[in-house]
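Undergrad: What follows is the residue order along each chain.
Protein chains: 2
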Amino acid sequence: MGKILRVNMSDRVARLEELPEKYSLLGGRALTSQIVFDEVPPDCNPLGPFNKLVIAPGLLSGTTAPSSGRLSVGGKSPLTGGIKEANAGGVTSQKLASLGIKAVIIEGRPSTDDWYLVKVSAAGADLIPANDLAGKGTYEVTTVLLERYGKEVGIITIGPAGEMLMATAGVTNNDNDGNSSRYAGRGGLGAVMGSKHVKAIVVDTVEHFGARVKDVEQFRAAARIFTECLRKHPITGNGLAAYGTDILMNIVNEIGALPTRNFHSGHFDQAREVSGEKLAEVAVARGGKATHSCMPGCVMHCSNIYPMPDGKVCAPIEYETAWALGPNLENANLDIVAKLNYICNDVGLDTIETGCTLGVLMDAGVLPFGDGEAAVKVLEEVGKATPLGRIIGSGSVCAGKVFGITHVPAAKGQGMPGYDPRACKGNGVTYATSPMGADHTAGYAVTANILRSGGYVDPLKSDGQVELSRNLQIATAAIDSTGLCLFVAFAVLDDPEALPAIIAMLNAQYGLQMTAEDVTKLGQQVLRTEREFNRLAGFTGADDSLPEFFVLEEFPPHNTRFDIDAKELSQVFNF
Amino acid sequence: MGKILRVNMSDRVARLEELPEKYSLLGGRALTSQIVFDEVPPDCNPLGPFNKLVIAPGLLSGTTAPSSGRLSVGGKSPLTGGIKEANAGGVTSQKLASLGIKAVIIEGRPSTDDWYLVKVSAAGADLIPANDLAGKGTYEVTTVLLERYGKEVGIITIGPAGEMLMATAGVTNNDNDGNSSRYAGRGGLGAVMGSKHVKAIVVDTVEHFGARVKDVEQFRAAARIFTECLRKHPITGNGLAAYGTDILMNIVNEIGALPTRNFHSGHFDQAREVSGEKLAEVAVARGGKATHSCMPGCVMHCSNIYPMPDGKVCAPIEYETAWALGPNLENANLDIVAKLNYICNDVGLDTIETGCTLGVLMDAGVLPFGDGEAAVKVLEEVGKATPLGRIIGSGSVCAGKVFGITHVPAAKGQGMPGYDPRACKGNGVTYATSPMGADHTAGYAVTANILRSGGYVDPLKSDGQVELSRNLQIATAAIDSTGLCLFVAFAVLDDPEALPAIIAMLNAQYGLQMTAEDVTKLGQQVLRTEREFNRLAGFTGADDSLPEFFVLEEFPPHNTRFDIDAKELSQVFNF
Numbered sequence: 002m003g004k005i006l007r008v009n010m011s012d013r014v015a016r017l018e019e020l021p022e023k024y025s026l027l028g029g030r031a032l033t034s035q036i037v038f039d040e041v042p043p044d045c046n047p048l049g050p051f052n053k054l055v056i057a058p059g060l061l062s063g064t065t066a067p068s069s070g071r072l073s074v075g076g077k078s079p080l081t082g083g084i085k086e087a088n089a090g091g092v093t094s095q096k097l098a099s100l101g102i103k104a105v106i107i108e109g110r111p112s113t114d115d116w117y118l119v120k121v122s123a124a125g126a127d128l129i130p131a132n133d134l135a136g137k138g139t140y141e142v143t144t145v146l147l148e149r150y151g152k153e154v155g156i157i158t159i160g161p162a163g164e165m166l167m168a169t170a171g172v173t174n175n176d177n178d179g180n181s182s183r184y185a186g187r188g189g190l191g192a193v194m195g196s197k198h199v200k201a202i203v204v205d206t207v208e209h210f211g212a213r214v215k216d217v218e219q220f221r222a223a224a225r226i227f228t229e230c231l232r233k234h235p236i237t238g239n240g241l242a243a244y245g246t247d248i249l250m251n252i253v254n255e256i257g258a259l260p261t262r263n264f265h266s267g268h269f270d271q272a273r274e275v276s277g278e279k280l281a282e283v284a285v286a287r288g289g290k291a292t293h294s295c296m297p298g299c300v301m302h303c304s305n306i307y308p309m310p311d312g313k314v315c316a317p318i319e320y321e322t323a324w325a326l327g328p329n330l331e332n333a334n335l336d337i338v339a340k341l342n343y344i345c346n347d348v349g350l351d352t353i354e355t356g357c358t359l360g361v362l363m364d365a366g367v368l369p370f371g372d373g374e375a376a377v378k379v380l381e382e383v384g385k386a387t388p389l390g391r392i393i394g395s396g397s398v399c400a401g402k403v404f405g406i407t408h409v410p411a412a413k414g415q416g417m418p419g420y421d422p423r424a425c426k427g428n429g430v431t432y433a434t435s436p437m438g439a440d441h442t443a444g445y446a447v448t449a450n451i452l453r454s455g456g457y458v459d460p461l462k463s464d465g466q467v468e469l470s471r472n473l474q475i476a477t478a479a480i481d482s483t484g485l486c487l488f489v490a491f492a493v494l495d496d497p498e499a500l501p502a503i504i505a506m507l508n509a510q511y512g513l514q515m516t517a518e519d520v521t522k523l524g525q526q527v528l529r530t531e532r533e534f535n536r537l538a539g540f541t542g543a544d545d546s547l548p549e550f551f552v553l554e555e556f557p558p559h560n561t562r563f564d565i566d567a568k569e570l571s572q573v574f575n576f
Numbered sequence: 002m003g004k005i006l007r008v009n010m011s012d013r014v015a016r017l018e019e020l021p022e023k024y025s026l027l028g029g030r031a032l033t034s035q036i037v038f039d040e041v042p043p044d045c046n047p048l049g050p051f052n053k054l055v056i057a058p059g060l061l062s063g064t065t066a067p068s069s070g071r072l073s074v075g076g077k078s079p080l081t082g083g084i085k086e087a088n089a090g091g092v093t094s095q096k097l098a099s100l101g102i103k104a105v106i107i108e109g110r111p112s113t114d115d116w117y118l119v120k121v122s123a124a125g126a127d128l129i130p131a132n133d134l135a136g137k138g139t140y141e142v143t144t145v146l147l148e149r150y151g152k153e154v155g156i157i158t159i160g161p162a163g164e165m166l167m168a169t170a171g172v173t174n175n176d177n178d179g180n181s182s183r184y185a186g187r188g189g190l191g192a193v194m195g196s197k198h199v200k201a202i203v204v205d206t207v208e209h210f211g212a213r214v215k216d217v218e219q220f221r222a223a224a225r226i227f228t229e230c231l232r233k234h235p236i237t238g239n240g241l242a243a244y245g246t247d248i249l250m251n252i253v254n255e256i257g258a259l260p261t262r263n264f265h266s267g268h269f270d271q272a273r274e275v276s277g278e279k280l281a282e283v284a285v286a287r288g289g290k291a292t293h294s295c296m297p298g299c300v301m302h303c304s305n306i307y308p309m310p311d312g313k314v315c316a317p318i319e320y321e322t323a324w325a326l327g328p329n330l331e332n333a334n335l336d337i338v339a340k341l342n343y344i345c346n347d348v349g350l351d352t353i354e355t356g357c358t359l360g361v362l363m364d365a366g367v368l369p370f371g372d373g374e375a376a377v378k379v380l381e382e383v384g385k386a387t388p389l390g391r392i393i394g395s396g397s398v399c400a401g402k403v404f405g406i407t408h409v410p411a412a413k414g415q416g417m418p419g420y421d422p423r424a425c426k427g428n429g430v431t432y433a434t435s436p437m438g439a440d441h442t443a444g445y446a447v448t449a450n451i452l453r454s455g456g457y458v459d460p461l462k463s464d465g466q467v468e469l470s471r472n473l474q475i476a477t478a479a480i481d482s483t484g485l486c487l488f489v490a491f492a493v494l495d496d497p498e499a500l501p502a503i504i505a506m507l508n509a510q511y512g513l514q515m516t517a518e519d520v521t522k523l524g525q526q527v528l529r530t531e532r533e534f535n536r537l538a539g540f541t542g543a544d545d546s547l548p549e550f551f552v553l554e555e556f557p558p559h560n561t562r563f564d565i566d567a568k569e570l571s572q573v574f575n576f
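Heads up: the sequence lines are chains A and B, in that order. Numbering (my numbering) for the first sequence: 2 to 576. Numbering (my numbering) for the second sequence: 2 to 576.
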């Protein structure tokens, strides 16, 4: 059985516990959400002593299953007020799993203002004073800790935004090349970590593939098949592998679903300037990398390393970030995108939410659309903790409230990613209904709406979107529990060999006889648990909705509105 | 039958309609809440086109019933997200009622940025361009409009805070002496008015007592009895009449329930310096008034006129304001209280919420506790629309979110008035459960907890508080529907002649045979309607709660906590 690393910050004790039997077949999101449900009072203050930060590798993390090293981070979100799971690539999931640690639970709150770091290795866990790291950006913290504990350790950390309890602060960890910016960005879990006064977690092991596997041969065979599935799929084997996620920029723009100028239009004339193709060209020309693996054993390598004009490196620039800090602000300067991305990474903010917030501030006239330098200037205020900087760190809904703006693209308090719900209605259903708030990964209907993966559902029509989102939300909850990167979904949707291969890996690792039906049940169970937490926290059907303007305002160029009503949306969880 | 003045700002048409029969026996809060329930979609954006601002005189307003000129203002609150009614003294309730107008409904939203005023007289209603008034403070607006339309008109207006859609902006109206600061302050209804681009409503009549009364003789007889009840009660006839509401300062302080330093303690050493006794002394010495009637026909005259050192006048300074801007900020300087009050009045902010917000900002270290000059300086930023100014205008919960403060005294998003729920537990029950959010007037348990009016319930114990709050909330909903000042409750609670006299006035005016039971039923019906609106807007039992710190942190000097749990609180609406 695995271990739980429980860090009680009230008593300042870090100890390893046996994993309770009931958690033995849970991992990743399934485990973080279950522990949050079991241990966190749904009505607690997210930044108070009763919330907990739960970190878990996926079921397959730490094995040689390709692309299986996603790290899940969970808790009650200070942004949405509901349950939250955000996950990221990087090395720490594999390292935790290699140490046999199934979950880290950080609870309580110290009575002093001191900061700590948690160090865990095969020898055990320690809580170490870390006041010297307080106030430092994530780049510096990671550099310092890699020097202190060795180049091979994994580092989970927060930036000053998390320390300052900003509701959009993320939790980051490092990749195999020491880049510190693999963010579990959404929903403010960095502020939860900050509220516990834990600045960093050092996972001290060189191993990435040390998780125990019961039937190694069967596992290897399945992993080979699954690797092949990923390599031969046109998206995971070709598109993502050549240009990374930002290959979506031109595609989403062409289809008229690219939120431009704070979701006022679906087409940005200069989208090409911040596209994956352009990014690859500039990165390579400057000696960076157009493709890069965020974790050992990934075959998609959709990440990148972008050298900036000032000599620093931004790694990676994802589609969502390029959109949020590009077209959403009418900014067509990729170097500005990189600069804004870098600042977010360093101070510790979610880039999607930051882009949404800056869009709202531009709508409010605080700074002009298209003025990248002005955006850099206000974003730098976050680290300085000025009132405007703190507003930015508090997210789009807060900024809308402060500046009297009703045109705020958010659901359940969380800013919306780069696919407008009026021109990619399947994603609109996901944004409205996901227990996570507006989250594209929670039910990525872009698959069937735009990429024609797993069939085709017209993105401009309401027909079929509820069913599409439902199935994707269930599948995603299951995938997020395995530690597999969500992009494996393309293969799962289009290649009949892919899902059986995943199940075969799970069965081989844990000695099970799971079926596809069991995977579906796992996904459903995760969603039910999350929704029940939210219900107890005070969420109702009224929260499963989009802002009024999506229903009222036509979205160019297709001039569509979001027309899937509350009754239809309520059918998403009809399972 | 009376009229409804319906102002459609989308079409820019103001017209008088016949009052629907179903509304004929509703007034004040009963009418605003019913119209909001009937006409406003509970899930709408409070600052969007679907919300409506509803203004209504009480059932007895415009008659010679003493102290019956409260004006109710209702809508969906941008602060709480739920239904809201806030009421105020002043002359406009009596004037509207004298014109036969039972309600004003402002709906829609103009497509341009132009501002308007609504003018209503016996000759009809007009919508008049008012761009010249935009951006002006309420003092200047009132002065300008009194000059333009005559000294006898009633003026309902908002300040720049309402224009800027700040969630704590109030709606004000003038008293008989031209003072413009009779605020329906709570819950941001000024922002709703601002969202409609209506800067002011001019009620053009000299009459205050022109409402139709069916049986004048019977009415006069009942009004005489009721007047006598108010005059002979020690609180309404003596305490309030001598020192105004701020007579409470020393009383609440002595009992240890005076929230001091952002609700960290219940006793303020220098409370006397901002007490009603001190206020009366200074006001009289400077040529102001220690007592003053906020409306014609009031026998309690608990208002005051406070001349400030700069030659301006603040009228009135209420207990709640003196507490919010005094002890809550550890400010013992009455002139600073007056200055802060004056700025709030002029820019158009709720003073209670502003005090709570400044307390939170002081807790966050944005400015020091006790530094009145610093408080004036930051409050002046509201009118300048700086980021910090806008945060202040957005209320205490927003400020807490922005600055990462969990010690925010608020319920349902609304800041808490000047009685700590740990040392005046009946008010705590009201704060937690009222459909209005933290509102002392919604169920003023100070009566039995502190003033021993209507019996005595130990303020430090949980026993009896739910029943006390329930009965007061029901009675208050009924009183708020009559247009009577809530302070008549003291007489109603202690003098067996008072309630029959109120009922006799209503019966005489409308030709009814109402009983005391009918009054209770009216109050219950109002609460049911409001709670149903909130339920449809997404509120649940989880919203009927107080912030965690009231349960966790002991409150000096009695070191009590709020210990009435969710199950007990859920019994408040068990009727």
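It is possible that some hints are incorrect.
Derived DSSO-like pairs: lysine-lysine, alpha-carbon spacing no greater than 30 angstroms straight-line [as the list claims (entries may be wrong)]:
hint, chain 1, residue 1, chain 2, residue 2
1, A, K522, A, K568
2, A, K279, A, K290
3, A, K215, A, K313
4, B, K378, A, K385
5, A, K522, A, K215
6, A, K378, B, K385
7, A, K215, A, K290
8, B, K385, A, K385
9, B, K313, B, K279
10, B, K233, B, K313
11, A, K313, A, K385
12, B, K233, A, K378
Just so you know, these hints were derived from the structure itself, not from any lab. Since this is a predicted model, take the numbers as computed values, not measurements.
Undergrad: All hints are to be evaluated individually against the structure, with a verdict given for each.
TA: Verification of the supplied hints:
A distance of roughly 24 angstroms separates the Cα atoms of K522/A and K568/A; the hinted pair therefore holds under the 30 angstroms criterion. Using a Cα cut-off of 30 angstroms, the hinted pair K279/A and K290/A holds, with the two alpha carbons roughly 12 angstroms apart. Proposed proximity of K215/A and K313/A is contradicted: the alpha carbons are some 44 angstroms apart, above 30 angstroms. A threshold of 30 angstroms between alpha carbons decides the hint, and for K378/B with K385/A the separation of about 21 angstroms falls inside it, so the pair holds.
For the hint linking K522/A to K215/A, the alpha-carbon distance of about 23 angstroms falls within 30 angstroms, and the restraint holds. The straight-line distance between the Cα atoms of K378/A and K385/B is roughly 21 angstroms, inside the 30 angstroms bound, and the hint therefore holds. For a cut-off of 30 angstroms, the pair hint linking K215/A to K290/A is broken: about 37 angstroms separates their Cα positions. For the suggested pair K385/B and K385/A, the alpha carbons sit about 22 angstroms apart, so the restraint of at most 30 angstroms is met.
A distance of roughly 19 angstroms separates the Cα atoms of K313/B and K279/B; the hinted pair therefore holds under the 30 angstroms criterion. For a cut-off of 30 angstroms, the pair hint linking K233/B to K313/B is broken: about 35 angstroms separates their Cα positions. For the proposed pair K313/A and K385/A, the alpha carbon gap of about 21 angstroms is at most 30 angstroms, so the pair holds. For the proposed pair K233/B and K378/A, the alpha carbon gap of about 65 angstroms is over 30 angstroms, so the pair is violated.
Hints 3, 7, 10 and 12 from the list above are not met by this structure, while the remaining hints are.
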